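Protein chains in written order, with the working numbering: chain P, 4 to 260; chain Y, 1302 to 1675; chain H, 66 to 248.
Simulated from the structure, these hints should not be mistaken for lab results. A quick note: this is a predicted structure, and the numbers were derived from the prediction, not measured. Among the clues, some could well be false.
[Said to hold, decoys possible] Only pairs whose alpha carbons sit at most 20 Å apart, straight line, appear in this in silico DMTMM-like list of lysine to aspartate or glutamate:
id: 1; chain 1: H; residue 1: K214; chain 2: H; residue 2: E98
id: 2; chain 1: H; residue 1: K146; chain 2: Y; residue 2: E1640
id: 3; chain 1: Y; residue 1: K1501; chain 2: P; residue 2: E45
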Amino acid sequence: MVEAKTEVIYQRPESFTDVHTHYCPGCTHGVAHRLVAEVIDEMGLREKTIGVAPVGCSVFAYNYFEMDFVEAAHGRAPAMATGIKRVLPDNTVFTYQGDGDLASIGIAEIMHAAGRGENLTVIFINNAIYGMTGGQMAPTTLPGMKTTSSPYGRDVELAGYPLKMAELLAQMEGSGYIVRRSLHDASNIRKAKKAIRLAFEAQERGLGFSMVELLSSCPTNWSMSAQEALGFVEEKMLPVYPLGDYKVTPALQELRV
Amino acid sequence: MAKELLKGNEAFAEAAIRAGVEAFFGYPITPSTEFLEHMARRMPKLGRAFVQAESEVAAINMVYGAACTGKRVMTASSSPGVSLMMEGISYIAGTEVPAVIVNVMRGGPGLGNIAPSQGDYYQMIKGGGHGDYFPIVLAPATVQEAVDYISLAFDLAEKYLSIVHVVVDGNMGQMMEPAELPPMREISDEIPEWAVRGAKDRDPNILTSIYIDPEDEEITNLRLLRRWKEVEKNEVRFQEYQMDNPEILVIGFGTAGRVASSAVRDARAEGIPVGLLRPITLAPFPEGRLEELCDQVQRILVVEMNSGMMLDDVQKIVKGKVPVEFYGRLGGVTPLPDEILDEIRRVSKNEGEISGDPRDEWMDRLEKMRTGDQ
Amino acid sequence: MEETSIIISGFGGQGTLFAGQVLAYAAMDNGYEVTWIPSYGPEMRGGTAHCTVIISETLIGSPLVRYPDIVLALNLPSVDKYEPLMPENGVLIANSSLVNREFERQEIRTLLLPANQIAEDIGMSRLANMVMTGSMVKMEPILTMEMIKAALEEHIPERHRETLSMNYKALERGYAFAEKELG
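Generate the whole structure from the sequences, applying the supplied hints.
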């Protein structure tokens, strides 16, 4: 009898629960979740990590992570995370927020968490739309983009311009690591994972506030197929939201992971 | 320990520190600011957390986060600030984690003023935030009592996994009065089983106020109600004064109750048989005691620094068995003992039934008094 | 004395709140119940900074009164405000350096003393509050000079400690003025 030699090359991260998510087919939340879980596994942080879920499509994020989690009020995740981190400075604390949560109702909380240099990691999902409430205009909706609350396309004269959170947060002295990545293809996903790793490394090293903005797709509310939606990210979102490292504190620049 | 002459706000803050508070998050607002300033001086030196948040909204959500770790945590603010906190307060209640909130009340609505008021009675006692929940509300009337009750507030919050509001008004925040502070309590290293501290050697803890299935939310609401019934049974506190066969019962809380006690003393000196019931827990209200007293007194006078908010609760309990009259000052005006003494004298001569809302006659009397003043 | 209410009232910066605190400390240190409450809320009207001190042998109810037993009025608006409210036999002391009128009430106990001028003679104009306090001790000795001096020594802010002897002198000069005026 010949023994089959098997090798595990891909499996569910320990930080991930074994359940189906509630996300729509083609949504990039699943990818983002997985990257976070893989990084937490690789860094061995699971048992000391506390996640803060937002209000929005990822309101149930805590169901998918095998770790302690709390659920914040809309936009208040950075404040809640501040409260946790200040009394448990040795734990790892991260928030997972969408664009309505972080850039609209919670913009005061995110700016001040960065301003204070809170030693937190923020995963920011920017898909240019409100998902959970059914496709309304977000602060990051592109000029001219149609949503249920900008049915004729976002008119910048009336509804203003998209907020560029990575650029804004990079201005804060308390920020240690602020970058924008995209989830529209495999190579960008690999880069996104590396950025998430560096963001958590920044926190573990006490280098201040870290945020990874992830350009993401919302096929359902954009009324597109999954593939078309990824194309929209590449063709329409990238020009408005250039990928890049907006702030990398010197101590992190030398780090190789 | 010897008594010290302490400013209310500073005494309250120090009492919380002695009770083992591990984190304070707040935002400056008159007339509670000295509370935050005292925390800013003391907490970092003790290696405890202090953050001046960007807003009351952020402050209460920091409280929420820290409360989820099972550590003692609090904030202090004043009326408009507490309004802003109502979102987080509801979330904390829904998540069933303990937190203590001190409200040094001032005149309103709106920007109002910085003068002492009891106008937040409804907001504090009846919930204030959205949804079905029942905060415990303590209303001390002296600096010493507040010092003692802030310590109790943490114990109650933890025992019942509840919001505990400590309500005082600007007078109490600003005044100085001798008080004895408790010794420094050691910080408990006990970790509640529900706390989030990292899922090491156990299943993850999830703390949330979301119950997307209405049946689950109903179960949660019922659990909160059952817990509240326990609070009602066990935690009623009040103080009585001059209760030797009173025919007239004055009811007032906080500063109004305290000022009324001077008027009651002076009225007794004139031979008027009057006593004072001062609720210390506004929620749960001393309902049983008031029911008993209805069989003993002929008339009740409710005194408040608002438009008669506790009056509504008193009438609900008295159920018309005894005529209830009202005297209030509004908008940040503190009633003085002579005003209440005049009211007690008037009530002692008044024998008829009160027709309709006792506020109607009071408004007329107050208008007359005010025009007479000027 | 069963319970005595004192209001110290003047312009902001005249040390009215501190003078009240000194009385409160002296009362507490000697076993009395006491409350001190600063001008606050609606009573801020009229441009005066004042505090109410109640000293009592029994637990204090109201920390506020309408009809104070003793008033130290460091400026004219304070005299205008409190003179009509003084009870019979009440004590009203006014700072004649800033009050250019006589009292209207005859049946209360009054004293006009040039507190600013006396303080300037000592060499520290901001001690008018202590001059006033000293005269009060003569007119209504609910607390003794020794009690007040001991409270000052115990509780004067460190940054002002070098002025302690000047404070004592101000208290004594106020006392002496009242003694001379009233016999």
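How the hints compare with the structure:
Pair hint K214(H) plus E98(H) holds up; C-alpha atoms about 19 Å apart against a cutoff of 20 Å. Between K146(H) and E1640(Y) the CA atoms are separated by roughly 18 Å; this keeps the pair inside 20 Å, and the hint holds. Annotation: proposed proximity of K1501(Y) to E45(P) holds, straight-line Cα distance about 16 Å (limit 20 Å).
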